[in-house]
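> Taken in sequence, the protein lines are chains A and B. Sequential numbering from 8 applies to the first sequence in this note's numbering. Sequential numbering from 8 applies to the second sequence in this note's numbering.
Among these hints, one or two may not hold up.
Stated by the list, open to error - Calculated lysine-lysine pairs in the DSS-like style (CA-CA distance at most 27 angstroms, straight line):
1) B:Lys-187 with A:Lys-75
2) B:Lys-667 with A:Lys-247
3) A:Lys-180 with B:Lys-336
4) B:Lys-356 with A:Lys-247
5) B:Lys-644 with B:Lys-626
6) B:Lys-336 with A:Lys-54
7) B:Lys-481 with A:Lys-254
8) B:Lys-649 with B:Lys-625
9) B:Lys-616 with B:Lys-649
10) A:Lys-226 with B:Lys-356
11) B:Lys-616 with A:Lys-54
12) B:Lys-187 with B:Lys-213
13) B:Lys-153 with A:Lys-75
14) B:Lys-355 with A:Lys-247
15) A:Lys-254 with B:Lys-153
16) B:Lys-217 with A:Lys-75
17) B:Lys-578 with B:Lys-644
18) A:Lys-75 with B:Lys-146
It should be emphasised that the hints constitute simulated quantities derived from the structure, not laboratory data.
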Amino acid sequence: MIVQPYDVETGAGTFNPGTFFGSLGPDPLNIAYVEPSRRPPDGRYGKNPIRVRQHHQYQVILKPPPEKSQELYLDSLEYIGIDLEDHDVRFVDDNWESPSLGARGTGWEVWIDGLEITQFTYFQRVGGLDLDPVCVELAYGLERIATFIQDRESVYDLDWNDEITYRRIFQEKERQFSTYNFDLAGVEDNQDLFDIAEREAERCLEAGLFYPAYDLTLKAAHFFNILLARNAISVTEREKYISRIRKLAEAIAAQYVESLEETPDERRPII
Amino acid sequence: MSEDLLFELGTEEIPPAFLPKVASNLRDDVRDGLHEERLDFEGVELFYTPRRIAIRVTGLQERQEDRVEKHRGPSEDIGLDESGDYTIAAKKFAQGKGGTEDDLYVEETEDGTYFFVDEKIEGVKASELLPDLLASVVKDLDQPEKMRWDDSSVRFIRPIRWLVCLLGSDPVGLVIGNVKASDYTRGHRFHGEERVDLDEPKDYEKELRKNYVMPDPEARKEKMEVQFSEIAEELNASMASDEGFIELLSNTLEYPSSVCGSFPDEFLNLPDELLFKTLTGEARLVPLVDSEGAPISTFVGFRDGPVDETDRVKRGYESVINARLRDSKFFFSHDREQPLEGYREDLKKVTFQEDLGSILDKVNRMKEIARKLSSIVEQFDPDLVDRTVELCKADLVTEVVDEFPSLEGTIGAYYAELDGEPEEVVEGIRHHYQPRSAGDDPPEHPAAIAASIADKLDTLFGSFLIGERPTGTKDPYGLRRKTDGIIRTAIDREIDMDLSDLIEYSGSLYDDMTETDTAATHLEGYFRERLGRVLERLYDIPYDVVEAVNLGDSVDLYGTYLRAKTLEKFKNRREMKDLVDSFTRIVNITEGRENSDFDPEIFELSEEKELWDQVSRKKDEIDTLARNRSYEEMVEKLLALKDPLDEYFDNVMVMAEDEKQRENRLGFLLHLKKPFLKLGDLSKIVTE
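I would like the entire structure built from these sequences, with the hints used as guidance.
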C-alpha cells in the first residue's frame, strides 16, 4: 500500500501515522511513502553540502518481516542501479530509539562505501507497547542515495529532474528556516505553543479521539524540535519534554489498540 | 566411535562489540551441555563473523556410554511377605526399573535394610541428543540484548536465518524457531555462493574461504594487521588509533581487504584529535601518523570482500571522508571566530538543571568552590584554578563538541592553547572531566584536580539539594561515579582536606534555597558510605580495617586512606593483636560512659601511675603525629603503651568496690581511648 506524506511536520518517516498506527495493529501490512522529514536542529543555513533541515525519507514498513527482509532491501538498491558487488555495503549496528514515541527497535544503519543511506530496524516496541507481530522499518535517505548515484558532493548539486536542481527548490528555504529555527524563533512562544498542543491533545484523548490527538502530538514534537534548535533546552529539561510527548504517544497507542479490538474486521482501521 | 560435529548459526549482522562474547558464551554452553549429556569429545573450536557463529567439536563420542543406575526400593519387611516371598510392591519396583524380581538385592543402609535394583541404561546416540541440546543452548544463551523477528518464541541478538548441523557427514535434524538445519551454509553476501555444500565439518573453513568468508576471527585480524603493516611500512608511518580498533573492525566483516586512500592536505591543519575522531568515528577508517607522530593525509580502510580492483570503494571512502572532514573543518573554523572566552556567555542559555540554573550558574558556583579549595590546599594556585574553572565548560557550546560530544574538554583545551592561555589552564581544561569512569585515572595537573573536584561536588550537592539521590538500583545522573571520582582523586593525588567543609560551603552558594543543611548532611553520609566501599574494592583494604577507620565524624578522604593503609600494615603484627585486645577491653569496660574526668592524684597502684605517666608524656607527641598524618610513627608510639597497659589490666581492678576509685579508673580509661581513636576504632580489627 502506498500512502502520501503526512501534512503535519514530522521529524522522520516513523512519525507518519502509516508507521505509528501501522506498526501497532495485528493485521499484516506492507506500506510505503515518501516523507519530508523536518529536523530543525539539523539545519545549516543551506551552507553544508550534506546536512539539511528537511530531508526526504522513503519509508517502508513490512509487517510481519519477510524471512528475506535484508535481501529484499538489497535487491531494491540493485533495482535503482547500484551494483552492490562493486561497493562495500555494510549493516552497521545502530539500535533505533524514539523516546518521544515510546518506540525502539533493533537494527542497523546501512552504509555504502562509508555513506549511511538507510536505517534498517526491526521494531520491537511502539507507543510503549510490545509489537505482536513485530515489523521491519526501512528508512531510505533519499538525498544520500541520490548524491551517491549521481556522484555529487553536495545535495544542492543534485538534479531533481533534467532541468531543475535541488538547489533551486530547497537552498533558500534551508537558509530562511535555519535562521528562524536557530536565531529568531521565540522561545517563550514556542514553549506556549508546545503547552497548547499538549493541552489540546489531552482534550482529544479525554474524548477518545486518538487521531486528532496524534496530530497535536506531532505538532508538540515539532515545537520541541524548534526549542532544541534554539538551544533553549538543557539535558534534564529535554528529558521532561520528551516524557510529556511520550505520555501522549502511549495514551494514543493504548486507545488505538483498544479500539481495534472492539471493531469488526471489515471496518478495522489499518493505520 | 567418534565423529566431528559442526554447528553453525547463520544470523543477520551481529554488533561487533558483542560478537566475541556472544560467540564464546555459545561455545561454553555447548561444551557444558555435552558434559552434562556425558558425551565425550577431544576439542571445541570456535568461529565467528558478523553473520555466523560456528562451533566445531572434534572427536565427539557417537553415543553415550551404557551405564548402571542403582535405585533404592522398599525396605526389607515391606518387600517380603511373611513366607519370605517378594511382595507386589517389590516386584513392581523391579519392573519399574526395567528388571524382574530376580534382579532385586538387599543392602544395609543407615535407615535399615532395603531392596535395591541396578537399572541398565543404554547410551543414547549423540545425533538424538544434539537437537534438543543445541536448541536449548541457543534459546537460553546469555546475551547483552535480545530481539524478536518472527512469530516463533525465539529471541536472539539478531535474527537467526539459517542453521548448519553436521555430525560426521550426516545432517542432524535440528530446528530452532522457524529455521531448520541443513548441511549447507552461505557464502559472502555479495561475493560468495548462496549455497555452499559441506561434506564434513573439517571442510568448513576451506569451503567458506572459497566463498569470501574467513570464519576464524584470529585469521581475519591477522590478515588485516599484515595488510595494514604493508601500507604503513611503505609510508614509514604507524597507526594513530589504539590496537583494539583493528580487532573491532575485524568483527564487522567476513573477508577483509585493505583500501588505502587519502584526503586533501588542508585537513591536516585540524586539531589532531578532531582529525582522528572524524576518521575513526562513524567512518571507521584507520588514521596514520609519520615517524614524528604527526598525522599524514593517508588512511587505511577495510572493505568487506575481495580487493577493490576498480578503485570504486576507495573513491567512495574518499568522497565520504572528504565530506566529513569538510564538516569538521567548518565546525572548527566557525568555532574559532572568537576566543574560547567568548563562549562563556552562551553557557547562560544552556540549562544545567531546571532548579539549579544554567551551566554558567554552575560554573560560577564551581569558581567559588574551587576558590575555597585553593585556600585550603597548598598545591593549588588560586589564579590558575580560577581561570581553568572559568573556561572549562565553554567548549560545550562550540560546534565541534555539538558534533563530537566525546571531545568535550579536549577541544576546549586546544582552543585555550590557541588563545595563549597558560599551559596549566590548558591542561586543567583538558583533564577536568577525569576520572570519567572507574577505569579512568584522576587528573594530575593541580588546576585540573581543583576543577574536577569543584565540578563533581557542585553536581552532587545540587542533585542532593533537589532530592535526586542515587539509590541501590537507580542512579540516572551518574552521581555514584562522581562521588567515587572525588574520593579517588583525593586519595591518589594526596589532597589533604576535610571535604565536609567544602560540602557545607557548597550549600552556602544557594541563597534562595532552604534545606541546604539537610542536603549537606545526606551528602556527607553518602561520601562516607562510598569511601568505605572504594577503600575496600579499589584499594583492597580489608573490611575490618575499613570499619575501624571510616568513622562518622568527618569526610577526611585522604587521611582516612592513610590511616587505613597504616592499620593494614600493622594489623597482623603480634604486638598489634595485644594492643587491639587492650583497646577492646577499654571500649567494653567504658561502654555507655560519657564522663572522662579523673584525678591522677587518687591513683593508688604503681601500674596506674606508670600508665598515666607514659600516656601523659606521649600525649602531645601523638597529637602532633596525628595532625601531620605520620600514622606509622603514631602506631609505634601507641604500641609502646602495650606493656604498661598489660600491666595495668593484670594488676588493677577497674571495677573496684570503692566507688570513688571505680569512677576515677573508668574516667581514666575513657580518657585513654581518645588518642587511639585518632587512628581508628581498633576494636573493629579482626586479628589472627
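> Next step is simple, just say for each hint if it's right about the structure.
To see whether the hints hold, each was checked on the structure:
Pair hint Lys-187 of chain B plus Lys-75 of chain A holds up; C-alpha atoms about 15 angstroms apart against a cutoff of 27 angstroms. Under the criterion of a C-alpha separation no larger than 27 angstroms, the hint pairing Lys-667 of chain B with Lys-247 of chain A is inconsistent with the structure, at around 69 angstroms. Proposed proximity of Lys-180 of chain A and Lys-336 of chain B is supported: the alpha carbons are some 24 angstroms apart, at most 27 angstroms. For the hint linking Lys-356 of chain B to Lys-247 of chain A, the alpha-carbon distance of about 17 angstroms falls within 27 angstroms, and the restraint holds.
Taken as a hint, the Lys-644 of chain B and Lys-626 of chain B pair is honoured in the structure, with Cα atoms around 10 angstroms apart against an allowance of 27 angstroms. For the given pair, Lys-336 of chain B sits about 13 angstroms from Lys-54 of chain A by alpha-carbon distance, which is consistent with the 27 angstroms threshold. Between Lys-481 of chain B and Lys-254 of chain A the CA atoms are separated by roughly 21 angstroms; this keeps the pair inside 27 angstroms, and the hint holds. Taking the CA atoms of Lys-649 of chain B and Lys-625 of chain B, the gap is near 13 angstroms; set against the 27 angstroms cutoff, the hint holds.
Between Lys-616 of chain B and Lys-649 of chain B the alpha-carbon distance is near 15 angstroms, which keeps this suggested pair within the 27 angstroms criterion. At most 27 angstroms may separate the alpha-carbon atoms for a hinted pair to count; Lys-226 of chain A and Lys-356 of chain B meet this at roughly 24 angstroms. Under the criterion of a C-alpha separation no larger than 27 angstroms, the hint pairing Lys-616 of chain B with Lys-54 of chain A is inconsistent with the structure, at around 90 angstroms. Note on Lys-187 of chain B and Lys-213 of chain B: the hinted pairing holds, with a Cα-Cα distance of about 24 angstroms set against a maximum of 27 angstroms.
Proximity of Lys-153 of chain B to Lys-75 of chain A is assessed by CA-CA distance (about 20 angstroms); at most 27 angstroms being required, the pair is judged to hold. A threshold of 27 angstroms between alpha carbons decides the hint, and for Lys-355 of chain B with Lys-247 of chain A the separation of about 20 angstroms falls inside it, so the pair holds. Proximity of Lys-254 of chain A to Lys-153 of chain B is assessed by CA-CA distance (about 25 angstroms); at most 27 angstroms being required, the pair is judged to hold. Between Lys-217 of chain B and Lys-75 of chain A, the direct Cα distance comes to roughly 24 angstroms. Compliance with the 27 angstroms bound is thereby established for this hinted pair.
For the suggested pair Lys-578 of chain B and Lys-644 of chain B, the alpha carbons sit about 15 angstroms apart, so the restraint of at most 27 angstroms is met. For the given pair, Lys-75 of chain A sits about 22 angstroms from Lys-146 of chain B by alpha-carbon distance, which is consistent with the 27 angstroms threshold.
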